[in-house]
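**Student:** These are the residues of each chain, in order.
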Amino acid sequence: MGKSTFVYVIYIASQPQAVWNGLLDGQFTRQYWDHDNVSDWKAGSAWEHRRTDAARTVDILGEVIEAKAPHHLVISWAQPSDKARKDRYSRVTFDIEAVADMVRLTVTHDELEAGSEMQRKISEGWPRVLSSLKSLLETGRPLQTWAGR
Amino acid sequence: MNDTDVVFKALADPSRRKLLDALNERNGQTLSELCEHLVMTRQAVTQHLGLLESANLVATAWRGREKLHFLNPVPLQEIYDRWIRKFERSRIRAMNDLKKRLEGTNDG
Chain B
1 MGKSTFVYVI
11 YIASQPQAVW
21 NGLLDGQFTR
31 QYWDHDNVSD
41 WKAGSAWEHR
51 RTDAARTVDI
61 LGEVIEAKAP
71 HHLVISWAQP
81 SDKARKDRYS
91 RVTFDIEAVA
101 DMVRLTVTHD
111 ELEAGSEMQR
121 KISEGWPRVL
131 SSLKSLLETG
141 RPLQTWAGR
Chain S
1 MNDTDVVFKA
11 LADPSRRKLL
21 DALNERNGQT
31 LSELCEHLVM
41 TRQAVTQHLG
51 LLESANLVAT
61 AWRGREKLHF
71 LNPVPLQEIY
81 DRWIRKFERS
91 RIRAMNDLKK
101 RLEGTNDG
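Line order of the protein sequences matches chains B and S. Those letters in the first sequence? Residues 1 to 149, by the numbering used here. Those letters in the second sequence? Residues 1 to 108, by the numbering used here.
Same shape as in the complex, but just chain S (with noise of 0.2 Å):
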């Protein structure tokens, strides 16, 4: 699996997004706070976190000795930058070009 492949299957999963939406809420919550959030046990948020940390979809820092999840939506941003804008690029050439027809004016 490449790295896109590993952040849409870390996306792909309610429990996750659910977890990245409280981050989005609040940045920087422990493990115990982040559990607050799920009706599940301990060990499966754990499961969760890890496999959002390994697509790079949550960062952890230390704090004394507390460990805090910060949410890094670097990686949403790569996908953005590398599918979505290009997209959108193509779709308003298209409209750019309909408009010179419609218009009837040369390039320039």
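So here's chain B without its partners, still in its complex pose (with noise of 0.2 Å):
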């Protein structure tokens, strides 16, 4: 199996510090993710999402590869159960830009398994994840996205 590529692109009607904000601060990615970012983003840390259930749950986790707030992050993205499995890990990088007054978001996940599970779950995920982002950017709400799975 070979390793395949996603790029998503959105422009969001805010600051790329919000933007930056809203993709690592655990009290806002609760809000509309389902789930908190948990790291202190340094490159070379470990990074979880975890569930905001009692059990704080780790649902991905994996290391910060770089970071450069508020315009550049790169992190590796695995299964729990593949933490040894540093073959299994995939990689997604944002890239933040101001383009007039919007920013432009890019996530671009590459080094997936083609195929697999996990390329399924975030192509389903990240534009979900992204459009609730932009809602609760732009309106203060976020979309009830993860309602009703």
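Incorrect hints may have been included.
To be verified - Just a sample of chain S residues kept apart from chain B, beta carbon distances all over 12 Å, derived:
1. Asn56
2. Arg101
3. Glu103
Claimed, not checked - Between beta-carbon pairs, the in silico distance windows are:
4. S:Ile92 - B:Arg141: 16 to 26 Å
5. B:His71 - S:Arg63: 16 to 26 Å
6. B:Ala100 - S:Asp21: 23 to 33 Å
7. B:Arg51 - S:Asn2: 34 to 44 Å
8. B:Arg141 - S:Leu98: 21 to 31 Å
9. B:Gly125 - S:Ile84: 11 to 21 Å
10. S:Ser90 - B:Glu111: 18 to 28 Å
11. S:Arg93 - B:Gln15: 34 to 44 Å
12. S:Gln43 - B:Arg85: 23 to 33 Å
13. S:Arg93 - B:Arg141: 27 to 37 Å
Since the hints were derived computationally from the structure, they do not count as laboratory data. Here the structure is a predicted model, which is why all the values come from computation and not from measurement. Glycine residues also receive a C-beta, built at the ideal position from the N, C-alpha and C atoms.
Assemble the dimeric complex from its two separately framed chains, guided by the hints.
**Tutor:** Structure (structure tokens):
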């Protein structure tokens, strides 16, 4: 099986710093992503995508590869069951640029195993996450995108 | 035209939908690869891709000297959130109301 790449672009009426915080601040991500993203966001540090329930279950984990606030973040991405399998890690790059009075957020998810369960999940997940982030930043309210799962 | 108009206009053409289908099938193709799916000039495909890109339905990224095209379904998600989900919600509410009436139950 080969590796595949997905690229998602969304324009948000906001500022780069607000989008950066929107992606990384757990208090913020839980409103639209149903999870907290937990890390100190320094290159080399671990990061975790944790559920907001009492058990705080980790659903995704990885490492911060590059962090240049508020414009560029690269993280690795894996299921907890693949923690020791570095060959199963994929990579997510966030690019945040100001374009006129908008922010162009590009999410590149690559090094994904083609045809994998993770590929299926992320290709369903990213459009919903980004659409909900946009809604929260622009209107103060997230979409009920995870309701009824 | 607002963003939604641009997306619907981009989707209104069968060749452009075919290009999106080709990218859905295999993401990250070059112009030459995409030309193989369509019986039209390279120039026409370039124009269609330009329109899809300005509607934000296609994103491009460079890999070395190759420009790759990726399906960006985010605007379609926004249309779903803005239009379709809303109608689903009202349909569900109507069915719930009907259920309550038929079953003769009170609120709660």
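**Student:** Taking the earlier hints as the rules, which of them does this structure contradict?
**Tutor:** Failing hints, ascending: 1, 10, 12, 13.
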